[in-house]
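What the sequence shown shows, in mature numbering (1 follows the signal peptide of the UniProt record, and there is no 0), is residues -20 to -1, 1 to 101, in sequence order.
Keep in mind the hints are simulated off the structure, nothing from the lab.
Keep in mind that the hints are not guaranteed to be accurate.
To be verified - With a cut-off of at most 25 Å between alpha-carbon atoms, the simulated SDA-like pairs for lysine to any residue come out as follows: (1) K54 to D33; (2) K14 to H65; (3) K54 to S69; (4) K54 to N27; (5) K54 to G39; (6) K54 to Q9; (7) K5 to E85; (8) K54 to Y67; (9) K5 to T95; (10) K14 to S69; (11) K54 to G94; (12) K70 to E85; (13) K5 to R100; (14) K5 to A40; (15) K14 to L30; (16) K5 to E82; (17) K5 to P98; (18) K54 to V96; (19) K14 to E46; (20) K14 to L81; (21) K54 to R100; (22) K70 to I17.
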Amino acid sequence: MIMHKICLLLLVALGVNAHAKPLDKDQNQQQLNKFAISQCLMQSFPNSELAADAGRASGAYVEFSEGEIEVYEKIAAAVAEQLQHPYQSKSGGSLHVMQCLEMPEQAELQSIIGTVDPTRP
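Work out the full structure: start from the sequences and follow the hints.
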């Protein structure tokens, strides 16, 4: 978990917003939701190619969105908390991808993302 936080801090610290024009609130929330999904995939499949790719995607979404470092930390923590209650199929197999795709629907996550307004100074 400590290494995960360090990686997240580096992603935010090194991120440079690549957008030519500022995002509106809805566009920014979409990017933050995608950041949450990529964090979920990264945390669900540790030490895999998928985790590495999802980690790179997380970094890109940091670059393409607006938010203080605390927002990204809170999103990553909310994802980790949701993953403490993994989805299971009727046959007993995991449904990590399904859980990650549904992550933006979680109320806790939306309460965090909803507070970010890139149009505010």
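Hint check:
no.: 1; hint: K54 to D33; in the structure: holds, 21 Å
no.: 2; hint: K14 to H65; in the structure: holds, 20 Å
no.: 3; hint: K54 to S69; in the structure: violated, 28 Å
no.: 4; hint: K54 to N27; in the structure: holds, 22 Å
no.: 5; hint: K54 to G39; in the structure: holds, 15 Å
no.: 6; hint: K54 to Q9; in the structure: holds, 14 Å
no.: 7; hint: K5 to E85; in the structure: holds, 17 Å
no.: 8; hint: K54 to Y67; in the structure: holds, 22 Å
no.: 9; hint: K5 to T95; in the structure: holds, 10 Å
no.: 10; hint: K14 to S69; in the structure: holds, 24 Å
no.: 11; hint: K54 to G94; in the structure: holds, 12 Å
no.: 12; hint: K70 to E85; in the structure: holds, 22 Å
no.: 13; hint: K5 to R100; in the structure: holds, 10 Å
no.: 14; hint: K5 to A40; in the structure: holds, 18 Å
no.: 15; hint: K14 to L30; in the structure: holds, 15 Å
no.: 16; hint: K5 to E82; in the structure: holds, 21 Å
no.: 17; hint: K5 to P98; in the structure: holds, 6 Å
no.: 18; hint: K54 to V96; in the structure: holds, 12 Å
no.: 19; hint: K14 to E46; in the structure: holds, 13 Å
no.: 20; hint: K14 to L81; in the structure: holds, 9 Å
no.: 21; hint: K54 to R100; in the structure: holds, 20 Å
no.: 22; hint: K70 to I17; in the structure: holds, 23 Å
Hint violations for this structure: number 3 only, all remaining hints satisfied.
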